[in-house]
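Enquirer: As a plain string of letters, each chain reads:
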Amino acid sequence: MIAKIISEVEKLGRNTVTIRFRWDQEVQPGQFLMVWLPRHSEIPISVSHTGPMKGITIRSYGETSAAMIGLREGDRIFFRGPYGRPFDTKPVRKLIVGGGSGMAGLLPLIDSDARGVVSARTSSDLLFADRFAEGHVTVVTDDGSSGIKGYAIDGLKSLPLDEFDMMYVCGPELMLKSILDYIVDKPIPAQFSLERIMKCGIGVCDSCSIDGKQLCTEGPTFTKEELLGMHEFGTARLTESGKRIQIGRH
Amino acid sequence: MVHIDTAIAGIQLSNPMMLASGILDENGYTMLEILKKGAAAVVTKSIGTSERTGYKPPVVVPIQGGLLNAVGLANPGIDNFRDEMKIALSGNRPVFGSIFGATADEFLQLGLKMEEYGATAVELNLSCPHVAGYGTEVGSDPVLVEDIVNTLKSNLKIPVFAKLSPNVTDIVEIAKAAQKADALVLINTVRAMSIDIHARKAVLTNRYGGLSGQAIKNVGVRYVYEVSKETGKEIIGVGGIENAEDLIEYIMAGASAVQIGTALYTQGKDVFSRIAAGLVEFMESEGFNRISEMIGVAVE
Chain W
929 MIAKIISEVE KLGRNTVTIR FRWDQEVQPG QFLMVWLPRH SEIPISVSHT
979 GPMKGITIRS YGETSAAMIG LREGDRIFFR GPYGRPFDTK PVRKLIVGGG
1029 SGMAGLLPLI DSDARGVVSA RTSSDLLFAD RFAEGHVTVV TDDGSSGIKG
1079 YAIDGLKSLP LDEFDMMYVC GPELMLKSIL DYIVDKPIPA QFSLERIMKC
1129 GIGVCDSCSI DGKQLCTEGP TFTKEELLGM HEFGTARLTE SGKRIQIGRH
Chain L
147 MVHIDTAIAG IQLSNPMMLA SGILDENGYT MLEILKKGAA AVVTKSIGTS
197 ERTGYKPPVV VPIQGGLLNA VGLANPGIDN FRDEMKIALS GNRPVFGSIF
247 GATADEFLQL GLKMEEYGAT AVELNLSCPH VAGYGTEVGS DPVLVEDIVN
297 TLKSNLKIPV FAKLSPNVTD IVEIAKAAQK ADALVLINTV RAMSIDIHAR
347 KAVLTNRYGG LSGQAIKNVG VRYVYEVSKE TGKEIIGVGG IENAEDLIEY
397 IMAGASAVQI GTALYTQGKD VFSRIAAGLV EFMESEGFNR ISEMIGVAVE
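Those protein sequences? They're chains W and L, same order as listed.
When we follow this note's numbering, the leftmost residue of the first sequence carries the number 929, and every step to the right adds one.
When we follow this note's numbering, the leftmost residue of the second sequence carries the number 147, and every step to the right adds one.
Hint data in this document are derived by calculation from the structure and do not stem from the laboratory.
Just so you know, not all the hints are guaranteed correct.
[What the hints assert, rightly or not] A few chain W positions that, by computed beta-carbon distances, are all more than 12 Å from chain L: (1) Lys939; (2) Gly941; (3) Val955; (4) Asp1039; (5) Asp1041; (6) Ile1076; (7) Ser1086; (8) Leu1087; (9) Glu1091; (10) Asp1093.
[As the list claims (entries may be wrong)] Quick list of the computed label-pair ranges, beta carbon to beta carbon: (11) Glu1168/W x Arg346/L: 25 to 31 Å; (12) Lys1018/W x Arg346/L: 40 to 46 Å; (13) Gly998/W x Pro288/L: 49 to 55 Å; (14) Pro980/W x Glu446/L: 57 to 63 Å.
[Unchecked claim] DSSO-like, lysine-lysine: derived pairs with alpha carbons at most 30 Å apart: (15) Lys1152/W x Lys183/L; (16) Lys1114/W x Lys1152/W; (17) Lys202/L x Lys932/W; (18) Lys303/L x Lys1171/W; (19) Lys183/L x Lys259/L; (20) Lys1105/W x Lys232/L; (21) Lys1077/W x Lys1152/W; (22) Lys182/L x Lys1152/W; (23) Lys303/L x Lys259/L; (24) Lys1171/W x Lys259/L; (25) Lys232/L x Lys299/L; (26) Lys183/L x Lys1105/W; (27) Lys1171/W x Lys299/L; (28) Lys202/L x Lys939/W; (29) Lys1022/W x Lys1077/W; (30) Lys232/L x Lys303/L; (31) Lys182/L x Lys1105/W; (32) Lys232/L x Lys1152/W; (33) Lys232/L x Lys326/L; (34) Lys1171/W x Lys232/L; (35) Lys322/L x Lys259/L; (36) Lys183/L x Lys1171/W; (37) Lys1171/W x Lys182/L; (38) Lys347/L x Lys932/W; (39) Lys1022/W x Lys1085/W; (40) Lys1022/W x Lys1152/W.
Since this is a predicted model, take the numbers as computed values, not measurements.
Think of the CB as a built atom: it goes at the ideal place given N, C-alpha and C, for glycine as much as any other residue.
Chain L with its partners taken away, still in its complex shape (with noise of 0.2 Å):
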């Protein structure tokens, strides 16, 4: 009998898939759909301390490969999220707040609110890239990174996810700082532009933004990989996840747990029950029996 739910820090997943920052995670109700449509768990959009309308559209650029986006952390502020944690939460399983700040005081106050709304564990955005003040610009800088990680884990009782970027020289680094997080989560979109030739301008109102999906797998594998090896950090891999198989490579790289976001656009909300059973199937024709025998079995 092969099993497919995992642990993260202590938290039981029913399977090894949660819903991914930024996509489909405003509204609490489309956070109880994504519930209901197989994910173990949703994390929610990056939640700030005021209200954010974000950019001017184009926010989002469909791609081979993938899309980029820069939303502009557009977000109702935490006083206005209330409500929307309540409707997800009334779906019974994990929800995890994501949540921005420009400091470990502003983390703080966010992490704390999510704890209060029932959160079951916060994921720190230290890795947006296209926000000038938050994410990758505090998420590279190793000092503030542990001054933000330690704070919320001396103060708050639920668990802390550190949620990392690919753009910087050398994440070990980061993920170091990031020690006494309760799970590292890798990797970020991949900070990218795309220009219309015939417009000859950048088609993102920001002009940068993130690279997700397919086009970014191998470098979220390569990442979970290292980090894995270098910190022995439990990790919640994400980056292009579209089949079981390319599940079954984040969890053989070291990853307990992992997040979907851009296959809903590429496969539509069947995804998770489709990798669901592509899962099982290997497992059982493979002769493993559950999710922690895989675990990291690559790396060496």
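Isolated chain W (complex conformation) (with noise of 0.2 Å):
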């Protein structure tokens, strides 16, 4: 494991943190630590800051990233990685679409130009609109608490996706299986960013698999166009013991 002193934590609301610590290490937009706490457990975490003052953004969800929200300035975090396929950063006209917690991955793809759609389950959950540019996001809320009332796709509708070089998407599963459904046959390029049980990080284990391929190491990014060919996206996925189970509506 790599081990690195922590040198600050950023609280970012009730349940969420970003953790930062210098490594000079090359990370790329999109992919992903195995960050591991002892007597916890390890879980993958998307890389929010890329330059040599690195940042994972953290929320609470169970267990191990409760604990992780307490680590303080001065303790250690262990790690490995960076693993995953980065994003192609090239597209610069960008359009960065995310759902929850996934708004983490995608921080280090927002610049001035770019626009957003953020979303939530409800205002104290959105994450990262505020480093938008004046004027260039749109929020959207499941109860409306902030941004428009509703999904993802309904902050996407009033967009001109003509004027855009590339879509960026990550989020839950089923939010991004309707934004494919959306734009499957509008001209704009996209990529996705999946998540699914994860243990490994390294395309051994077969949990995070989908349609034969792993997120871990030939994702989590994936293209518009690999997503249409993947029957098991947004239908069904393997829980941890590896039992197959549908992907729930929301």
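Each chain sits in its own coordinate frame; assemble them with the hints.
Expert: Laid out in structure tokens, this is it:
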């Protein structure tokens, strides 16, 4: 494991923090680390800050992430990586669509020209909507507590998609599926970052696989065209035990 | 003309390589993908009678020369594995169902289910090194091994492979207890551990795990050689095969076919086609026409 000293912990609301540490390793947007909290567990986390002062943004979901957000400046952070196929960042005019904590992995893509659709269940779950330039972001919440009431796709409908060179999407798989279905016949290229149960991070355990591809090594980013050929996308995944389940409706 | 097809327990294989149990073999679509990449057959993840989530991560640690793992026999349970078998079998190549249990009766239930699902053969996991009550704890008791193998042989129509552990004092004694198996699979991982010196703690949640990859290749070759010489059984060699030379070493030590696992991490999915090309090249330059001409040639 790589061990680094935490130089800063930035609180982003009630249950989300960004942990910063110096690490002189090239990491590209879309890549992730397997972060280990001894005596708890090891979980995949997107790199939200890819400069020399790295950052990972963690939202408390389970036992391990809940303990991780309690880490303090001066503590050690243990991890391995970077892993995964990064986003192709060459396209200039970017449209960034993030759901919930999915915005963490999209943060490094935000530049002064980027346009964003940021969605969450409720206003306190919105992440990084404030990082876009003035007037460049559309906020959407399930409960209407902030911005448009609805799902990420409702924030997309008013945007002129043909004005962008690439759409970057990260969030729950059903949100990704709804966006893929919406843009299937529209002239906008897109890259999606997927999230599934992941145990090894290095392409051997088969927990995160989709249609024979491993998210951890051949993803987690996939293009629109790649996803269109996958029939497990948005329909089925394996649980921690390897049991096949249908992906539920939200 | 060089032919790289081979056979094990009467099952024809288009080349000597199959996917080892425990790597990329939980989802039927992944097994299909591995077959498309050139594996002649796949062995499934080890399946038990009931669903298990396995250990909390870290369950795999990359180390110098291979991987250390203690996944903890995570599996959906045999009743939930029917769909994955069906998907994997749609590749029209052999699919070997790996099973683990604590008693002959559990193995029998699992074996009958695998047979019903269409498995080409079953592989008995008598060697997982990191779960109490299963694997090596079963596979190091010759009386129990004999009971399990004989029970399955007298009740199943499909061939039965016994995968044995290197973590025993005398593997030949266990191999002889498994004499009635159609083939022996040698070896499972070698019990090992890794400590993170900054965390001052074992990295694997289970602390102990099994070592695979290059680091154990010559251990595997030695076991295949020894068991082949002492028992004359058909053998599937496994442990650290990354290139054609490694595969040929196992064949010359007495293996009729081999399994590949950790090399999928170190070499990627093209490892099967790369090894096949290297194998053809070697056979051409050394004047071998068939795999059978190489099996056990080094044994004396």
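Enquirer: Among the hints numbered above, which are violated by the structure, and what are their numbers in rising order?
Expert: Hint check: nothing fails, all pass.
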